[in-house]
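> Sequence:
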Amino acid sequence: MTYEEKATVDELIGKLHWRCRRGMKELDLLTEGYLERYYPTASAGDRQAFTEVLELQDPLLMSYVVGRQTPENPAMARVIDIMRTLLKA
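Each step along the sequence shown adds one to the number in the numbering used here, with nothing skipped, and position 47 is 52.
Hints were generated in silico from the structure; no laboratory data involved. Please note that the accuracy of each hint is not assured.
[Claimed, not checked] Within a straight-line C-alpha distance of at most 30 Å, the following computed DSBU-like cross-link-like pairs (lysine-lysine) qualify:
hint : residue 1 : residue 2
1    : 20        : 30
2    : 30        : 93
3    : 93        : 20
Model, not experiment: these values are computed from the prediction.
Required output: the full structure, derived from the provided sequences and hints.
Here you go:
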């Protein structure tokens, strides 16, 4: 990764940190955990899926995280699965 690419990713991560602030502390921890641990090395598809996850309403996102519902989008489901691993960490 070049310096310019890293700078761009770092700027985007900074902006996404603000979007990770939710109405529920539990979701804050999961979204910020994914952002810090997985986002920098995620594929472009998974990065896009994560931004879509951040657009979800809290009740729906929580329903996905606890497994009551499953996202139809496979990339979003993959991101949610990774977020679930943070619950076990």
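> Can you give the numbers of the hints that this structure goes against, from lowest to highest?
Violated hints: none; all satisfied.
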